[in-house]
Amino acid sequence: MSGSLLQVQDLVKTFGGIQATDHLTLDIREGELHAVIGPNGAGKTTFIAQLSGMLQPTSGAIRFQNQDVTRLSTVERVQLGMARSFQITSLWPALSALENVMLAVQSRQGHAFRFWEKATSSKPLREPSMQWLRRVGLADKSDLPAQALSHGEQRQLELAVTLATEPKLLMLDEPMAGMGGDDSQRVVELLRELKSSYTILLVEHDMDAVFALADRISVLVYGRCIATGTPQDIRQNAEVREAYLGAEA
Amino acid sequence: MDRPEALSAYKSDLIAGTVFVLLLAAVPFIASAIGDPFYVRIFTRMMVFAIMAMSLNLILGYGGMVCFGHAMFVGSASYVVAIAGQHAASGMPLVLGPLSIPGSTDALVVWPIAVAVSALLALIFGSIALRTSGLYFIMITLAFAQMIYFVAVSAQTYGGADGLPIETAPTLGALNTGNRKELYYIVLVCLVGVYVLIRQIVGSRFGLVLRSSSQNEPRLEAVGLAPYRYRLVAFVISGAIAGLAGALLASSQAYVSPADMSWVRSGELIVMVVLGGMATLYGPVLGAFFYLFAEYALGNVTEHWQLLMGPLIILIVLYGKKGLAGFWLSSRKGGSL
Chain E
1111 MSGSLLQVQD
1121 LVKTFGGIQA
1131 TDHLTLDIRE
1141 GELHAVIGPN
1151 GAGKTTFIAQ
1161 LSGMLQPTSG
1171 AIRFQNQDVT
1181 RLSTVERVQL
1191 GMARSFQITS
1201 LWPALSALEN
1211 VMLAVQSRQG
1221 HAFRFWEKAT
1231 SSKPLREPSM
1241 QWLRRVGLAD
1251 KSDLPAQALS
1261 HGEQRQLELA
1271 VTLATEPKLL
1281 MLDEPMAGMG
1291 GDDSQRVVEL
1301 LRELKSSYTI
1311 LLVEHDMDAV
1321 FALADRISVL
1331 VYGRCIATGT
1341 PQDIRQNAEV
1351 REAYLGAEA
Chain D
9 MDRPEALSAY
19 KSDLIAGTVF
29 VLLLAAVPFI
39 ASAIGDPFYV
49 RIFTRMMVFA
59 IMAMSLNLIL
69 GYGGMVCFGH
79 AMFVGSASYV
89 VAIAGQHAAS
99 GMPLVLGPLS
109 IPGSTDALVV
119 WPIAVAVSAL
129 LALIFGSIAL
139 RTSGLYFIMI
149 TLAFAQMIYF
159 VAVSAQTYGG
169 ADGLPIETAP
179 TLGALNTGNR
189 KELYYIVLVC
199 LVGVYVLIRQ
209 IVGSRFGLVL
219 RSSSQNEPRL
229 EAVGLAPYRY
239 RLVAFVISGA
249 IAGLAGALLA
259 SSQAYVSPAD
269 MSWVRSGELI
279 VMVVLGGMAT
289 LYGPVLGAFF
299 YLFAEYALGN
309 VTEHWQLLMG
319 PLIILIVLYG
329 KKGLAGFWLS
339 SRKGGSL
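Chains as they are written, first to last, in the working numbering: chain E, 1111 to 1359; chain D, 9 to 345.
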């Protein structure tokens, strides 16, 4: 394994009296798929919000490629190569699937101060966007408005939009949330494919998927990281079994 | 590459638009045939307001920026035309510090300056107002507009609250904007030009960012695009187009007064956009035409025409999903826009 891409040092986030993130230290190595699991309310989404710059941590530091990004805005972090997807599907409902992806591609291509040429007919914009739609299996739905897609399809589109920013670190917040068996199987396949080309931070509830995909797993309980290790380690970790997996494991 | 329904929607829009423009082009002939030149005036006014409403729709409909001071961009440009005319008539230059600017009645000089002044105002006010959003944005745009309004009211040299007449109509090359028919066709050309401009902008890369920023701002940031600069540029473009409408309005009324930039006018423009259909291309045109026509028709029936106008607007907004444009959208096949 090569060096670490993302380092989180002693991260703290308090809301009033509640510590949502409690002295969290964690590193993500280049090329790995690192899963973060934890029971409801463990602070997983708060953690991702801080990594993506949507929430400012109370204290602690986040370093990406050895650069301190703790105080950078979301936009600046995306430009450095950190992209997130959303647990609750976050798209542009009235725009077509293609246009949704185009926004991310435009961002990748620099600014969007072009006022005359029709975006949807612009080849340098259309072709890469279609490729991302094909990749997630939505090529035939490209002209439909996002709000007309099924829940599963919207999740796939969410992923395509995130991928289209061509990040170095892909932060996925429960990409399988609310998906049926077939759809989530499809996402597992897609993630397996993506693993070879991206470093991925995966927050997920679906344990089968996590144990099948992850190189390393960190377990969050009450905002604290109680263990990090290979799926094998985590399965055998007594503290984890007690706190989280319970009788199931 | 587009879907067949989208193509047919595009075709029916194109046909309807062409018919509409041809009908408008025929208005002066019909008016002189029935011997009522007043119709040229009222249709000129409708088209000028349609341009204002289209400019507002760019930021309000597509960009989600509820500007409650849009009339200030219109009125400022009108004042530029009137003030340039007054200085031309008196022969005294306008002295601004070290600058001494002679008056002019050449539209090729005055109109671009009027547009530039409105664009500059939009840049200054927009750069501040766009740091807020929601209710605060509405209030701050209103406050800026009131500021400009009171400047006009207190400018005694330029008529103060009484307004300023334009004695010599500007000339545009060989055309005289004082001639009702010539002005009518100038306005018609501007209307079509602005329509095409806005259609291109909305469909462009820039337009895509603008439309998305009103639908889901956090997601836009999460793909690495900060909406502020896009909003500001849209605000300036909108202000500039409103400025063009203001220059045309000044010529069509041969007069400008603070009422042309009052908050009442800003409110009327919002009503026109909402009535016609926000974020549709021709909605604001329909809205402006309908509003002014209803004002004129109901005004003939009763002095208290607003009493009838209110319920009418409520009915249209309740029953038309996208205002007046919604009725057309649902009658033809294909997508929106």
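For the record, the hints were derived by calculation from the structure and aren't laboratory data.
The structure displayed is predicted, hence computed values, not measured ones.
Even glycine gets a Cβ: it sits at the ideal position worked out from N, Cα and C.
Keep in mind that the hints are not guaranteed to be accurate.
Stretch by stretch, here's where chain D covers chain E in the computed footprint (C-beta under 8 Å, at least three residues) [claimed, not checked]:
| # | region |
| --- | --- |
| 1 | 1202–1208 |
| 2 | 1239–1253 |
| 3 | 1302–1309 |
| 4 | 1320–1331 |
Calculated from the model, a selection of chain E residues having no Cβ within reach of chain D, i.e. all distances over 12 Å [as the list claims (entries may be wrong)]:
| # | residue |
| --- | --- |
| 5 | M1164 |
| 6 | A1171 |
| 7 | Q1175 |
| 8 | A1256 |
Okay, the hints, checked on the actual structure:
1. 1202–1208: holds (count 4)
2. 1239–1253: violated (count 1)
3. 1302–1309: violated (count 0)
4. 1320–1331: With 0 residues in contact (Cβ-Cβ under 8 Å with chain D), the coverage given for the region 1320–1331 of chain E is violated.
5. M1164: Answer for M1164/E: violated, closest chain D Cβ roughly 7 Å.
6. A1171: Check passes; 22 Å lies beyond 12 Å.
7. Q1175: Consistent with the label, Q1175/E stays out of reach of chain D, its closest Cβ about 16 Å off (over 12 Å).
8. A1256: A1256/E is in fact no farther than 12 Å from some Cβ atom of chain D, at 9 Å.
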